[in-house]
Amino acid sequence: MNKLQVLGRTGHKELVWDVEKAKEENAEALEVIAEAERIVNAAFAQGQAVFRLEAPDQPAVRVNAFDRAAPYTVIVPRLAGG
Amino acid sequence: MSFLLQGVNPVEAMPTTQLGALAAANPVLSFCLLVAFFLLCLLLIYWWYTQFSASSMANQRAEMLLREQLTPDEYQHLLKYGYLAVPSKLDPSRQYRIPRARGRVQMLQTCMIGATSLHRKVAELCVVARDPVPDADMILTHKWMLEADEAGYLKLANWSRVMDSQWYTEKAA
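Chains as they are written, first to last, in this note's numbering: chain R, 414 to 495; chain U, 271 to 443.
There could be a bad hint or two in this list.
Claimed, not checked - Dumping the calculated SDA-like pairs for lysine to any residue here, alpha-carbon to alpha-carbon at most 20 Å:
#: 1; chain 1: R; residue 1: Lys-416; chain 2: R; residue 2: Arg-475
#: 2; chain 1: R; residue 1: Lys-426; chain 2: U; residue 2: Met-334
#: 3; chain 1: U; residue 1: Lys-359; chain 2: U; residue 2: Arg-400
#: 4; chain 1: R; residue 1: Lys-426; chain 2: R; residue 2: Ala-442
#: 5; chain 1: R; residue 1: Lys-426; chain 2: U; residue 2: Gln-321
#: 6; chain 1: R; residue 1: Lys-416; chain 2: R; residue 2: Ala-435
#: 7; chain 1: R; residue 1: Lys-426; chain 2: R; residue 2: Phe-457
#: 8; chain 1: R; residue 1: Lys-426; chain 2: U; residue 2: Phe-322
#: 9; chain 1: R; residue 1: Lys-426; chain 2: U; residue 2: Glu-338
#: 10; chain 1: U; residue 1: Lys-425; chain 2: R; residue 2: Ala-493
#: 11; chain 1: R; residue 1: Lys-416; chain 2: R; residue 2: Glu-433
#: 12; chain 1: R; residue 1: Lys-426; chain 2: U; residue 2: Met-327
#: 13; chain 1: U; residue 1: Lys-359; chain 2: R; residue 2: Arg-465
#: 14; chain 1: U; residue 1: Lys-359; chain 2: R; residue 2: Pro-472
#: 15; chain 1: R; residue 1: Lys-416; chain 2: U; residue 2: Glu-338
#: 16; chain 1: U; residue 1: Lys-359; chain 2: U; residue 2: Leu-340
#: 17; chain 1: R; residue 1: Lys-416; chain 2: U; residue 2: Thr-341
#: 18; chain 1: R; residue 1: Lys-426; chain 2: U; residue 2: Thr-320
#: 19; chain 1: U; residue 1: Lys-359; chain 2: R; residue 2: Phe-457
#: 20; chain 1: R; residue 1: Lys-426; chain 2: U; residue 2: Arg-400
#: 21; chain 1: U; residue 1: Lys-425; chain 2: R; residue 2: Gly-494
#: 22; chain 1: R; residue 1: Lys-426; chain 2: U; residue 2: Pro-402
#: 23; chain 1: U; residue 1: Lys-425; chain 2: R; residue 2: Gln-459
#: 24; chain 1: U; residue 1: Lys-391; chain 2: U; residue 2: Leu-360
#: 25; chain 1: U; residue 1: Lys-425; chain 2: R; residue 2: Val-474
#: 26; chain 1: U; residue 1: Lys-391; chain 2: U; residue 2: Gln-376
#: 27; chain 1: R; residue 1: Lys-416; chain 2: U; residue 2: Met-334
To be verified - Pulled a few chain U residues facing chain R out of the computed Cβ check, cut under 7 Å:
#: 28; residue: Arg-331
#: 29; residue: Gln-339
#: 30; residue: Thr-341
#: 31; residue: Val-398
#: 32; residue: Arg-400
#: 33; residue: Asp-401
#: 34; residue: Pro-402
#: 35; residue: Asp-407
#: 36; residue: Thr-411
#: 37; residue: Asp-419
#: 38; residue: Ala-427
#: 39; residue: Asn-428
Simulated from the structure, these hints should not be mistaken for laboratory data.
Just so we're clear, the structure is a prediction, and the values are computed from it rather than from any experiment.
Cβ coordinates follow ideal geometry from the N, Cα and C atoms, glycine included.
Please take these sequences and the hints and turn them into a complete structure.
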């Protein structure tokens, strides 16, 4: 299963899809992926950082485009120097 | 005691306030005001409770995500020592320490002399979220930024350089 996690004030929100089902043109999976892509693109437009995560022992990778096959895609809040 | 001795009822002796006079003149209005005040208090309690429970739930969710996204060793280290260590990719002798509770990220210089590990604090970095998030989510945000875009993180951070800090040894974690 693939996940989009959006960190925010009320804790993170998640979207979950199965990329294998999307390959089979499953309508529900495609709908979730479309929604995830919309959220990620909105985050890019707002200047938020987006990361691709494989596993906890693997370093995060910053991405500039949505990848439906990423195990975890995480959007973090906008940051500023304190 | 003097008014009792003089035979004066103390209740009658109390001065009548304007509010008391209003209440006496309009008992229905004063009752409505009292009910409104009571409802307002209930509303405030409800609002405070929902805010508190929402914040508590957010913290629980953030803690679950933290546990999910750290290795068991990293999570135990964080609980035991109160910080998460992230090695620098730009400088192998540099290490970042992200505090458990919100605060500044410490930048340390490390070196090994034989089997002894020495550390020296070089700077404190302040990076905050523009929209507040639970502390556990902020730990992950610092970690991912340092792993994936260290140069960007350092550029963004507000630096407090530590001058003339002493080297110290530390027990192996």
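Hints the structure fails to honour: Numbers 3 and 19, in rising order.
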